[in-house]
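**Q** The residues making up each chain are set out below.
Protein chains: 8
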Amino acid sequence: MSNQGFDDLGYARPDTDREARQGLPEVVYGPGKTVAQIAGVVTSLLQANTGPVLATRIEPEDARAALAAVPDGDYDAPGRLLVWRRAAPRGYRLAVVSAGTSDGPVAAEAAAVAEAVGLTVHRFTDVGVAGLHRLLAVRDDLVTADAVVCIAGMEGALPSVVGGLVGCPVIAVPTSVGYGANLQGVTALLAMLSSCAAGITVVNIDSGFAAAMAAHRIASRR
Amino acid sequence: MSNQGFDDLGYARPDTDREARQGLPEVVYGPGKTVAQIAGVVTSLLQANTGPVLATRIEPEDARAALAAVPDGDYDAPGRLLVWRRAAPRGYRLAVVSAGTSDGPVAAEAAAVAEAVGLTVHRFTDVGVAGLHRLLAVRDDLVTADAVVCIAGMEGALPSVVGGLVGCPVIAVPTSVGYGANLQGVTALLAMLSSCAAGITVVNIDSGFAAAMAAHRIASRR
Amino acid sequence: MSNQGFDDLGYARPDTDREARQGLPEVVYGPGKTVAQIAGVVTSLLQANTGPVLATRIEPEDARAALAAVPDGDYDAPGRLLVWRRAAPRGYRLAVVSAGTSDGPVAAEAAAVAEAVGLTVHRFTDVGVAGLHRLLAVRDDLVTADAVVCIAGMEGALPSVVGGLVGCPVIAVPTSVGYGANLQGVTALLAMLSSCAAGITVVNIDSGFAAAMAAHRIASRR
Amino acid sequence: MSNQGFDDLGYARPDTDREARQGLPEVVYGPGKTVAQIAGVVTSLLQANTGPVLATRIEPEDARAALAAVPDGDYDAPGRLLVWRRAAPRGYRLAVVSAGTSDGPVAAEAAAVAEAVGLTVHRFTDVGVAGLHRLLAVRDDLVTADAVVCIAGMEGALPSVVGGLVGCPVIAVPTSVGYGANLQGVTALLAMLSSCAAGITVVNIDSGFAAAMAAHRIASRR
Amino acid sequence: MSNQGFDDLGYARPDTDREARQGLPEVVYGPGKTVAQIAGVVTSLLQANTGPVLATRIEPEDARAALAAVPDGDYDAPGRLLVWRRAAPRGYRLAVVSAGTSDGPVAAEAAAVAEAVGLTVHRFTDVGVAGLHRLLAVRDDLVTADAVVCIAGMEGALPSVVGGLVGCPVIAVPTSVGYGANLQGVTALLAMLSSCAAGITVVNIDSGFAAAMAAHRIASRR
Amino acid sequence: MSNQGFDDLGYARPDTDREARQGLPEVVYGPGKTVAQIAGVVTSLLQANTGPVLATRIEPEDARAALAAVPDGDYDAPGRLLVWRRAAPRGYRLAVVSAGTSDGPVAAEAAAVAEAVGLTVHRFTDVGVAGLHRLLAVRDDLVTADAVVCIAGMEGALPSVVGGLVGCPVIAVPTSVGYGANLQGVTALLAMLSSCAAGITVVNIDSGFAAAMAAHRIASRR
Amino acid sequence: MSNQGFDDLGYARPDTDREARQGLPEVVYGPGKTVAQIAGVVTSLLQANTGPVLATRIEPEDARAALAAVPDGDYDAPGRLLVWRRAAPRGYRLAVVSAGTSDGPVAAEAAAVAEAVGLTVHRFTDVGVAGLHRLLAVRDDLVTADAVVCIAGMEGALPSVVGGLVGCPVIAVPTSVGYGANLQGVTALLAMLSSCAAGITVVNIDSGFAAAMAAHRIASRR
Amino acid sequence: MSNQGFDDLGYARPDTDREARQGLPEVVYGPGKTVAQIAGVVTSLLQANTGPVLATRIEPEDARAALAAVPDGDYDAPGRLLVWRRAAPRGYRLAVVSAGTSDGPVAAEAAAVAEAVGLTVHRFTDVGVAGLHRLLAVRDDLVTADAVVCIAGMEGALPSVVGGLVGCPVIAVPTSVGYGANLQGVTALLAMLSSCAAGITVVNIDSGFAAAMAAHRIASRR
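Chains as they are written, first to last, in the UniProt record's numbering: chain A, 1 to 222; chain B, 1 to 222; chain C, 1 to 222; chain D, 1 to 222; chain E, 1 to 222; chain F, 1 to 222; chain G, 1 to 222; chain H, 1 to 222.
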């Protein structure tokens, strides 16, 4: 059915070849799709592949319906993530660091996706730079991580400080937390890209998913 | 001649009343003015007032010509500042902290203006957040200052960290140092305004002058 | 419990050291937090510190619930502020000047926060520059203030005019009042930063809180 | 030759009908045109019409060459304007008010164009809002004008204040004077459009020409 | 009570002097005010002045309540305008031209305000430039108007075409009609300010009010 | 009634001449119009013309009401399009290619409008560039099309790749699908305009309608 | 050597397959390339293909050197275009319409590229919308064209008017002609994309090349 | 001298602790520094550390002077990089892929920095997405790389396509190559951040340096 590397469901063409081609799961982005469409794509991927299948940004009610339609999955409510056939842990330690309590949903998505693809997550919450001792108290944990996902809204300063403390990969996630001059996260985004700490990389605003997948790419090549 | 509070020189109306009204010097902004115009305004202010008279953003060649036309002034080359009749020190300790070597000209302007109006300046250079120990090494000096002017380009993170260390007023100055996503300093400006550190204030990009004058306003009301 | 300078509540790490370190209260920003989280952080701060504890941007219903959970606080509805253990007045006179009636909520937040940390507030409402005599009528009150918080939306011209009248610190707050070319307050923000009045400082759009805390920093160093 | 209302010169089609159709001169915008092209269009207009012919934004060297090619014109150097067959004064009093010395070239263009089309110009220079008494000193002159062109860079606050003092038409011209948050005049432009003073109108950044022509339209319908 | 030129109502300071000073009504901007506040300011102005009193952007339900509180006013629903003591017509012909049906509310506000202050309005609806004959069919009506208010969203081209047809003042109003690249009216705003038609002026996005008041300023000086 | 080329319905002037003048239907843009207004304009066009009459962006409930008021039309729900008197197919093959499932509504509008004016549409869904084999699998279908409408949100890369595969006209439609750095489709818009593939053209964000009409212009001149 | 569809020259991989694959020439974009690199790529393409070879944005001195290195080409100075082996005319009439004299270089590039690939160009210069009779005078020529390239800076209104007159494809090119609110052509770009004329398409700012290639794509499928 | 982890040179505080702390070299950013300052910092770092010392964005003349002042370094002219004590190769294969010839300088910087810190670089030039076969021809080389740095200007589509082909880390670098809607690289930046390919990360515009350092962070943790 998918010997050309994808299924043609009419409303979608799930990339059934991605797992073999890249070692990455094809992931279903929920918004704008009906539960039936989500279930259809997930079913297609479960049949054609052997690894984890994810659906992101799923609200609780839709999650319940999707789990009823496609059994054996589970739902991470804080991270709004549906997972079927999660990967076994591979011993890759990913630190997920967030600046404020309000960055929680983004950190939750990053953690849920990372764990679904087999990474081991350590979370450090509310360690923003205005109270530096909170960050320095967990410094040793960060230094020994394999990679750090660093999440911050407002001025987005946290990755610059973390990037100066650790030598491992730092993936910065700007969030839309803040108001006024924060410009819905654009300010934090641009600030992180302008960081004085060398070798920091950045993903899209609020995309805990992108950060986790970037970590997965790194982990897969160790 | 100026009983109405200003001189009418045709090309300019120097506000001769400002010193009495506000305790602030009327300051001549150099760009777009001829040396003759600068000299004319300075002369008007020296006659009508008794305090310091400043001209900012003056290039060396123009400075020499202006000093020849209006004697008894002096020129601070790094800060591009001309000063006549500088104020006596008042014992107000202003820390001028800058993130990188390239922020030097802005820090120099802040320091030169602050000293011209009677503040005592302590400068701390190249203490950017990517090497936090450099900043922490001068922490005690910052904590005991009366106010801190905090200068940074790129992502503009320094004021957030400093603002979390000290309880005194922090005046943040974004600089146009950086490229790409820095957007000529706009990113640092917006980041500083979005700072998670409470009670930080911000002035215009590259305006060491504005920061010094803000400190002068604070100092004058102690 | 917090001998490392913070509490680790899981969802938050309140900076219990801030009061001792900076003389500033750690303040709880309400949006994005549950009432239980707000109550938890406030309780932590009340135990670890001796000064005022604030929670900002709290809607009335949440305020009632939080006051039920943590007694002995009070709620300022116009300023949407919860306060426990407010500071005694210190005799610092802060003028809070606003351009139009619609800027009221921002002025209310600035006033409520300032009073909670011990400043004495004098408010001047609806003194926009299009009817200059309204501002000039209160000029003497402004000239004798220790600092002025100056709040305006639309074109944000008020701080430039006030900044030319008084010699004390002027903290400008742009508001999102206006439409079209006002760009949700960004125009007023940029205009205030470009002000021709020397030494004006600016905080984030609609942030009466930031202005009050900036005044608190100044007041604390007199 | 131009019975269809324009000349076809190949490189340009001067609108020879505009004078009859609208009572406005067709004006030659200099930048991007050779002296020969400017002279060609001017000659066409002088032949087809009877009123003033203008060329704007002409640098001195080009002005000399154009005057040599098309005699009986004259050049206003500060306003960078070439005029042939200027209109007789019509008794319309236009006040041209500018905030700072650096706004001079824009004010000069506005004045030169307005006089070329027959308006009587009164200029008021350096009356920025940070020294309000300078503006209030000329208030009576503004109140009795037929219209006011109000020129300002930086935060662009002047038109709001002037617009609250006079009842006549106020045409605001933002200038690119300033730096950083001024964004090459965009901030002043947006601020003027957001003005709290009712009924102010705005033209393009640095366009003294547009302001003068707007005044000309008003004057022509009295 | 208002011998200082304003009333101090606590929540507002109506500028009771504006009518005498400028010949312009003080106008109440509705959004963000309670009906009681609107009624209070209107009452203050009706007592202190003799001319028209307006309140703009009033929704129908609030209008009914305000008219109940302050009798003898009337409500223009399409223009969302409340008027008390409207001015007698002065014989000034104002053409209000709009590009599309969706620009209707802005045109209605411009017309309602203009008539309230005594102008005579002629409306021309749906004459956008993509069907030029619709505009050319009313050309003679525009040419004989005293001034034209020209309203358009999308690309905002209409004022450029109208500005090339008539010699009288043209006041352009960009609207937020459109989507995507229209940027909520910012594109039309910038386009109108960049117009190739000489002497066109522009007011804020969707501000039929500002356009009418600009016309009123022009009309008052004939 | 419309011998001047339009009907004057008071609230609208339908351009009854467009069909004869340009061979294009006058199309009714739904938002901001009442059902009665839509029905009125449609009736006017059906009477004055002989070709298809369209109304775009019509929600289902309004569609039902409009079809009741003006019989013999039909409604395309996914494309939100009402059509009366659709054109006969002309044998012009238009490929409508979309990058993701979420771009569906825009593709549906493009397809519905194109078919209403007589084009034959072939749709290719979910062929985004991150799984290139899905696009290459339909390459032959694209190469033989007469024109391609290429719809994508997020980074808008699809038209660049398609534009390098086919020699026929490529009309790119950016969509507002995405979040954060996508800036509601502005990023995709600017990216498509910057495309390295030669001769690609672009229409407004989410405007399936504009793309279909552009194809119609091309088809009509074969 | 290029049986894989490209040459690998080290510094470039000319796409030798494009002519066969798409019927489009691979075109060399000059800026950032040395004359030797330009000559190398052109030589590669002349050998591998049989159709026209173009190099765009070439300054005169570089053009002379390139023609010396690769003989039998010719240079269009106004369009800054080098052409080898130009295509024979195919009888496709392309109208190139420009709003002002300053748009000349962009129109010249569009015309030169279009003629090099075999289209027949008719140019109409300086027909901006502020003098509409100049455009209406050439209306019949536009109506009978196969396609129209429509070039304008400032507010970019011309394509909307032309798009309402003709039924053939209209390709709009915004130019960076203008200042201030024109934002280096971005305003014209956004305005054209927001056009009320149905089915207009847009290419990048100042890209006469893109417009010509878009016309070539259309012409190639007649 | 640097037992506090940095040297205080007055004009700079080189972070001599970074090598030990992070395993990253402290790198000297050239612009805004004199040759003497560059030499001073480099000397400090050579003395305090044992690994590579780099100076970026150095023009040839300054490079010669710096090499004369601090011997035993070497200069990579295309990458504008000075290196002292380069690291031995570690067997980490980094693919540096660039879309066009004009992206060369950024690719050269990425390659030079990566090699200086011990990575093995394979470069693939001019493989832009408009001629996809050029990219597919090197697909096997990319699939077997340890990481890919992907450099593109204009619409920045290349990383999305590469990100769909390989499973290893992809670091995207937008360049300022392009004009108009490219907005000096901001469009490519935003497009890359919005990429539909999962797990791509992005660094600042034109920053080959940042990309190389990001790869170094990844390589150091294998």
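These are computed hints drawn from the structure, not numbers from a lab.
The structure displayed is predicted, hence computed values, not measured ones.
Just so it is clear, CB atoms sit at the ideal spot from N, CA and C, and this is done for glycine as well.
One should not assume that every hint holds.
[As the list claims (entries may be wrong)] In silico contact screen, one side only, chain C against chain D (beta carbon under 10 Å); selected entries: (1) Gly5; (2) Leu9; (3) Ala77; (4) Pro78; (5) Ala99; (6) Val143; (7) Thr144; (8) Gly167; (9) Val186; (10) Ala188; (11) Leu193; (12) Ser194; (13) Val202.
[Claimed, not checked] Examples of chain A residues toward chain B, derived with CB under 7 Å: (14) His133; (15) Val143; (16) Ser195.
[Said to hold, decoys possible] A few chain F residues that don't get close to chain E, going by computed Cβ distances all over 12 Å: (17) Gln22; (18) Ala137; (19) Asp140; (20) Tyr179; (21) Gly185; (22) Ala210.
**Q** Each hint: holds or not?
**A** These are the hints, each one checked on the structure:
1. Gly5: With Cβ-Cβ at 36 Å, over 10 Å, it is violated.
2. Leu9: Since the shortest Cβ distance to chain D is 39 Å, the answer is violated.
3. Ala77: With Cβ-Cβ at 27 Å, over 10 Å, it is violated.
4. Pro78: violated, 22 Å
5. Ala99: holds, 7 Å
6. Val143: With Cβ-Cβ at 13 Å, over 10 Å, it is violated.
7. Thr144: violated, 18 Å
8. Gly167: violated, 12 Å
9. Val186: holds, 8 Å
10. Ala188: It holds, given that the least Cβ distance between Ala188 (chain C) and chain D is near 7 Å, below 10 Å.
11. Leu193: holds, 4 Å
12. Ser194: Interface hint status for Ser194 (chain C): holds (4 Å vs cutoff 10 Å).
13. Val202: It holds, given that the least Cβ distance between Val202 (chain C) and chain D is near 9 Å, below 10 Å.
14. His133: violated, 9 Å
15. Val143: violated, 13 Å
16. Ser195: Holds - the Cβ of Ser195 (chain A) comes within 7 Å of chain B, reaching about 5 Å at its closest.
17. Gln22: Gln22 (chain F) is in fact no farther than 12 Å from some Cβ atom of chain E, at 10 Å.
18. Ala137: holds, 31 Å
19. Asp140: holds, 33 Å
20. Tyr179: Fine: 16 Å to the nearest Cβ keeps Tyr179 (chain F) off the interface.
21. Gly185: violated, 6 Å
22. Ala210: Label violated. Min Cβ-Cβ 10 Å, cutoff 12 Å.
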